[in-house]
Amino acid sequence: MLEVQHLHKVYPNGTRALTDVSFQVEDGEFLVVIGLSGSGKSTLLRCINRLIEPTQGKILWDGTDVTAASGAELRGIRRQIGMIFQQFNLVKRSSVLTNVLAGRLGYVGTAGSLAGVWSSADRASAVRALERVGLAEKAQSRADALSGGQQQRVAIARALMQNPKLILADEPVASLDPVLSHSILQYLEQLNREEKITVICSLHFLDLVHRYATRVIALKDGEVVFTGLPQEIDKARFKEIYGEDAIEVKAGLSA
Amino acid sequence: MTPEKPNRWRALRTTLTAVVVLVAYILAYRGSFVASDTPIDLRRLFSVELWSKGGPLLRDFLTPDLVDREIQPVTLQLPVPVPCGSAENGVPATTGPRLVPSVPCAAPRDKFRVEGFELQPDTELQLRWRLPSGQYFPGPFITTDADGHFSAEFEARPIVATKDGVPGQIEVELQVEVGAVKLSRAFFDVLDGVIVTIFMALIATAAAVVVAAPLSFLAAQNVTRRGRVGTAVYYLVRTVFNILRSFEAIVIATLFAFWVDFGPFAGVLALTVVTIASLGKLFSEAVEGIDPGPVEALTATGANRLQVVWFAIVPQIVPNFVSFIIYHWDINVRISTIIGYVGGGGIGYYLAQMINTGQDNKAGTAIWAIVLVVWAMDFISAEVRKRYT
Chain A
1 MLEVQHLHKV
11 YPNGTRALTD
21 VSFQVEDGEF
31 LVVIGLSGSG
41 KSTLLRCINR
51 LIEPTQGKIL
61 WDGTDVTAAS
71 GAELRGIRRQ
81 IGMIFQQFNL
91 VKRSSVLTNV
101 LAGRLGYVGT
111 AGSLAGVWSS
121 ADRASAVRAL
131 ERVGLAEKAQ
141 SRADALSGGQ
151 QQRVAIARAL
161 MQNPKLILAD
171 EPVASLDPVL
181 SHSILQYLEQ
191 LNREEKITVI
201 CSLHFLDLVH
211 RYATRVIALK
221 DGEVVFTGLP
231 QEIDKARFKE
241 IYGEDAIEVK
251 AGLSA
Chain B
1 MTPEKPNRWR
11 ALRTTLTAVV
21 VLVAYILAYR
31 GSFVASDTPI
41 DLRRLFSVEL
51 WSKGGPLLRD
61 FLTPDLVDRE
71 IQPVTLQLPV
81 PVPCGSAENG
91 VPATTGPRLV
101 PSVPCAAPRD
111 KFRVEGFELQ
121 PDTELQLRWR
131 LPSGQYFPGP
141 FITTDADGHF
151 SAEFEARPIV
161 ATKDGVPGQI
171 EVELQVEVGA
181 VKLSRAFFDV
191 LDGVIVTIFM
201 ALIATAAAVV
211 VAAPLSFLAA
221 QNVTRRGRVG
231 TAVYYLVRTV
241 FNILRSFEAI
251 VIATLFAFWV
261 DFGPFAGVLA
271 LTVVTIASLG
281 KLFSEAVEGI
291 DPGPVEALTA
301 TGANRLQVVW
311 FAIVPQIVPN
321 FVSFIIYHWD
331 INVRISTIIG
341 YVGGGGIGYY
351 LAQMINTGQD
361 NKAGTAIWAI
371 VLVVWAMDFI
381 SAEVRKRYT
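In order, the protein sequences belong to chains A and B.
88 is the number that the working numbering gives to position 88 of the first sequence; each next residue is one higher, with no gaps.
119 is the number that the working numbering gives to position 119 of the second sequence; each next residue is one higher, with no gaps.
It should be emphasised that the hints constitute simulated quantities derived from the structure, not laboratory data.
Please note that the accuracy of each hint is not assured.
Stretches of chain A that chain B covers, calculated by requiring three or more beta carbons in the stretch to come under 8 Å of a beta carbon on chain B [what the hints assert, rightly or not]:
hint	stretch
1	80 to 86
2	171 to 182
3	189 to 199
Not everything, but these chain A residues come out facing chain B in the computed CB check (under 8 Å) [what the hints assert, rightly or not]:
hint	residue
4	Thr-55
5	Gln-56
6	Gly-57
7	Arg-75
8	Ala-102
9	Val-209
10	Gly-228
Glycine is no exception: its CB is placed at the ideal position from the N, C-alpha and C atoms.
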């Protein structure tokens, strides 16, 4: 279980990204975070694994205080939390296999990994992870030779290598064709249902939210303005979250 | 920062500019012997005095010493008895290099003319008497004309009188070229110097990479500047790079030349220091210019700092690093030529020696070799960088 308590983030330039954010995520949930660009979704996700340092507040992960951890302890927490990014964040000049194996770095020794030595178990599980996202035959390709959708699937395979209990997905489909959006989100849904991996995912399109979320929280100017089930977001709520002028746009192709 | 775009014409232009400046410098340097206290006077640039010195100098540079033939001294002799009848008269040859006196024999203190035929054209020679004792008595210096001919007045001094039936002989020593044309000594010396220079540049670049590559990560904001210790290290390394970069290569070379004595070793040390500073800066900027996404992604997997650098940063900077290294090798060939000039060994040192000893043809050979090597290095490095990145 993940507990976020009174989280604040103020950037050095004075921007208040998060103000008193509190919520809980039960194991096995598919929590979707919605809100306009700049509402603090990315900051919130990055505070959870401390890619960004929160200014104030506490994050408890299975009872461990993430905000107090440092060094080896923090790395130990991070390796249980997979992360997927809007821009995929693969190392473009490295092979797909190397990118996937890199997901294992938190578990292996420094010297061995720098020398490029991977155990046969790690290699086998990298191939399995690639098979899982349907890219086993691309293992030796350079990452930048793949299409956007394929790159995001490699990123999912990399996250899988961590044996994560939680996956943070920061706008995982915002850089992709609507057609591909469902393909990526279905992989996440599958992991959520079959492996019981908790997913916290930020999304733009409401139809995707309705389709995948088990629960939704909405951020506006860094504050939580809604917590509840996806079907509770009606016209009024929508205007409340996105502002009076907003018009709903569909990602299309309901799956 | 990207290195300059490959362009062979720009490369050629840069090289030619460098040569013009170098030649101008040498002309001015040699010209300054004419009057050591030289006020600034632009008219001097076009003065007859300077051009009369500069002209032959320029001609020497334009006719580099590349080939020669083996030279053997050959002595032409002809007996001329003094006084007449004291010995048998010499009979001048009718073809080939020969000396022909106007009289077959002479009385002491007589003056007669000696003509030379088919000798080396436009050459200064010395006419002399070979005494019966075997010693010689020097005569006038003469210069042959374009046909290899001369005519000079000569005196039968009493000392050349026949002794024990052995007559004195008129003689002239010629330098005769024999054998096939071959590459000159200067050519091989220059080749040697060029190879030393290229390798000085290569060794210095390689040594500098070993030091600069790890340090450059410490001087990169996105890697090191975290926490108090990190920030301190970042500023320290950057400051060291900046201080080193503010010294001109030639200054450091001079320091090292006094420290470890003149020669290629001092040159390599100086080049290495300069290259560390310069590559360190270029490298650290390349590290700062990477896509931060993969760094973020691998940090999120629980990888430690070293693993993140190795897996997320290094693959991104390899092409830049390779390009900078080749570019700097090319720069170092140029710098090491100049460092050589102040005692750092290689072709620059050879050039300095030849200029200081007035062997301008050999200096010309060195200058042309430098032009060729610098142009070739510039061209090759541009091509390699174009292909690799």
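Taking the closest Cβ pair, is A/Thr-55 under 8 Å from chain B? For A/Thr-55, the interface hint is violated, since the closest Cβ of chain B sits about 17 Å away, which is over 8 Å.
Interface hint status, A/Gln-56 versus chain B (Cβ within 8 Å): Since chain B brings no Cβ nearer than about 20 Å to A/Gln-56, farther than 8 Å, the hint is violated.
Would the hint on A/Val-209 stand, with a C-beta cut-off of 8 Å toward chain B? Check failed: Cβ of A/Val-209 comes no nearer than 24 Å to chain B, outside 8 Å.
Restraint outcome when A/Ala-102 is required to lie within 8 Å of chain B by C-beta distance: Given a least distance of 5 Å, the restraint on A/Ala-102 holds.
Interface restraint verdict for A/Gly-228 against chain B (beta-carbon cut-off 8 Å): For A/Gly-228, the interface hint is violated, since the closest Cβ of chain B sits about 28 Å away, which is over 8 Å.
For the hint on A/Gly-57, just tell me whether its beta-carbon gets within less than 8 Å of chain B. At 20 Å from the nearest chain B Cβ, A/Gly-57 fails the 8 Å test, so the hint is violated.
Just to make sure I understand the rule, a stretch counts as covered if three or more of its residues have a C-beta closer than 8 Å to a C-beta of the chain. Does the stretch 171 to 182 of chain A meet that for chain B? violated (count 0)
Are at least 3 residues of the stretch 189 to 199 of chain A within less than 8 Å of chain B when you compare beta carbons? violated (count 0)
Okay, the stretch 80 to 86 of chain A and chain B, do three or more residues pass the C-beta test at under 8 Å? Satisfied; 5 residues make the cut.
For the hint on A/Arg-75, does the least C-beta distance to chain B fall short of 8 Å? It holds, given that the least Cβ distance between A/Arg-75 and chain B is near 4 Å, below 8 Å.
Consistency note: the structure conflicts with the earlier hints numbered 2, 3, 4, 5, 6, 9, 10.
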